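Chemist: Please model the complete structure; the sequences and the hints are all you need to start from.
Heads up: the sequence shown begins at 4 in the working numbering, then just goes up one per residue.
Hints listed in this document are in silico derivations from the structure and should not be mistaken for laboratory results.
Here the structure is a predicted model, which means the values were calculated and not measured.
Don't be surprised by glycine CBs; every beta carbon is placed ideally from N, CA and C.
There could be a bad hint or two in this list.
Label pairs and their calculated CB-CB ranges [stated by the list, open to error]:
| id | residue 1 | residue 2 | range |
| --- | --- | --- | --- |
| 1 | 48 | 241 | 52 to 60 Å |
| 2 | 76 | 258 | 13 to 21 Å |
| 3 | 44 | 241 | 14 to 22 Å |
| 4 | 5 | 98 | 53 to 61 Å |
| 5 | 189 | 267 | 48 to 56 Å |
In silico lysine to any residue, SDA-like type, Cα no more than 20 Å apart, as pairs [claimed, not checked]:
| id | residue 1 | residue 2 |
| --- | --- | --- |
| 6 | 111 | 129 |
| 7 | 54 | 253 |
| 8 | 111 | 170 |
| 9 | 54 | 43 |
| 10 | 54 | 205 |
| 11 | 54 | 74 |
| 12 | 111 | 123 |
| 13 | 54 | 44 |
| 14 | 111 | 169 |
| 15 | 54 | 245 |
| 16 | 54 | 34 |
| 17 | 54 | 239 |
| 18 | 54 | 39 |
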Amino acid sequence: MTSHRLFTWLTRIYLALFFVYLFLPLIFMVAAAFNDSRFPTMLPWEGFTTKWFFGFDAQERAVGLFQDARMGRAILNSVIIGLGVIALAVPLGLSGALLLSNLQSRAKGFLYGVMVSPILTPGVILGISTLVFWTEYFHVSGGLFLTVIAQSTFIAAYCMLLFLARLERFDQTQQEAALDLGASHFMVVRRILLPYMRPAILSACLIAFLQSFENYNTTLFVVGIQDTMTINIATRVRLGLTPAVNAIGVILIAMTVCGAVAYEILRRREQPERI
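Modeler: Structure follows, in C-alpha cells:
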C-alpha cells in the first residue's frame with residue numbers, strides 16, 4: 004500500500020467518524036420524538052407515535068407540542084425578538100462596515116477593536132449591563148424590547164464582519180464614476196451599493212435571526228417575566244424533560260434542511276443567468 008492510498012483511507016475514515024459524531028445525536032433525537040415512551044429516549048423502543056407533536060396520553064391529557072400554549076407563546080416571543088434584532092442589528096452592522104471600509108485614519112484599528120469587542124464579551128455581562136443601564140437611566144424593565152437591545156449589541160458585530168468581508172471585493176471606482184456622472188449619494192447607495200450588498204444582507208438577516216433565536220445567556224437577564232423558547236426548554240430540563248422537546252428539535256431540523264435545499268435550488272437556477 005502506497006502512502007497516498009493510506010492517506011486517502013485515513014481521510015475517509017476520519018470523515019466518516021466526523022459525520023457520525025456530528026449527526027448521530029440528531030438521529031437519536033429524531034427517533035426519540037416518535038418513540039411511544041414518556042421519557043425522551045430512543046431505547047427501549049416502545050412503538051411509533053406522533054402524540055408528542057399533536058396528541059394526548061392515556062389519560063386524555065394534551066401532551067403534544069402543538070397543544071402546549073406556553074411553548075407556543077415562547078416560540079412566538081423568540082420570533083418577535085429575532086425580527087426585532089434583524090431590524091436593529093443589520094443596519095448597525097452595515098453602518099459600521101461602511102464606516103470602517105471608507106475610513107482612512109490611524110483610529111481605524113482602534114474602532115475595529117471596539118466594534119468587535121461585544122463578540123468577545125460574555126453574554127452574561129452583556130445582559131446584566133444592558134438591564135442595569137436601561138433600568139437605572141431610562142426606567143425600562145426587562146421584556147422583549149430590552150431583549151432586542153441586548154442581543155443586538157453583539158449580533159450587530161457579527162453582521163459587521165460579514166459586511167466587511169463583502170466590501171473587501173467591492174470596486175470603489177463604481178461609486179466614484181456614478182458621482183462624477185451626477186448621481187446623488189442616495190442614488191449611489193440605492194442603485195450600486197445595496198444591490199451589490201444584497202447577498203451579504205440576506206445572509207446577515209439569517210445569521211442575526213438564528214443567533215437571536217438560540218440565545219440564552221444574554222436573554223435570561225433581560226427578558227423579565229416573558230418566556231422564550233430557549234428559556235422555556237431550560238426550565239423544562241430542570242423540571243423533567245418530555246419527548247415534546249425532541250419534537251421541537253425535529254421541526255427546527257426540518258426547517259433548516261428545507262431552507263438549505265430551497266436556497267441551493269434557487270442558487271443553481273440563477274447560476275446560468277450570471278454566466
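Chemist: Would you check the hint for residue 54 and residue 239, treating anything up to 20 Å between C-alpha atoms as holding?
Modeler: Satisfied, since the Cα-Cα distance of roughly 18 Å is no more than 20 Å.
Chemist: Verify the proposed pairing of residue 111 with residue 169, using a straight-line Cα cut of 20 Å.
Modeler: holds (18 Å)
Chemist: Holds or violated: residue 54 and residue 43, Cα atoms, limit 20 Å.
Modeler: holds (13 Å)
Chemist: Is the straight-line distance between the alpha-carbon of residue 111 and that of residue 170 20 Å or less?
Modeler: Given that 20 Å is the threshold and the Cα spacing comes to 15 Å, the pair holds.
Chemist: Range hint 48 to 56 Å: satisfied by the CB atoms of residue 189 and residue 267?
Modeler: violated (35 Å)
Chemist: Holds or violated: residue 54 with residue 245, Cα cutoff 20 Å?
Modeler: With a Cα-Cα distance of about 11 Å, the restraint between residue 54 and residue 245 holds, given a limit of 20 Å.
Chemist: Quickly compare the C-alpha distance for residue 111 and residue 129 to 20 Å and report which way the hint goes.
Modeler: Outside the cut-off at roughly 24 Å; violated.
Chemist: Given a hint of 53 to 61 Å, does the C-beta separation of residue 5 and residue 98 actually sit inside it?
Modeler: Since residue 5 and residue 98 have Cβ atoms about 56 Å apart, the given range 53 to 61 Å holds.
Chemist: Has the given pair, residue 54 with residue 253, been kept, meaning a C-alpha gap of at most 20 Å?
Modeler: Satisfied, since the Cα-Cα distance of roughly 14 Å is no more than 20 Å.
Chemist: Taken at face value, is the distance from the CA of residue 205 to the CA of residue 54 at most 20 Å?
Modeler: Given that 20 Å is the threshold and the Cα spacing comes to 36 Å, the pair is violated.
Chemist: Does residue 111 pair with residue 123 here, judged by a C-alpha cut-off of 20 Å?
Modeler: Given that 20 Å is the threshold and the Cα spacing comes to 19 Å, the pair holds.
Chemist: Residue 54 and residue 39: Cα distance at most 20 Å?
Modeler: Holds, at roughly 8 Å.
In summary, the structure is inconsistent with hints 1, 5, 6, 10 from the numbered list given earlier, while agreeing with the others.
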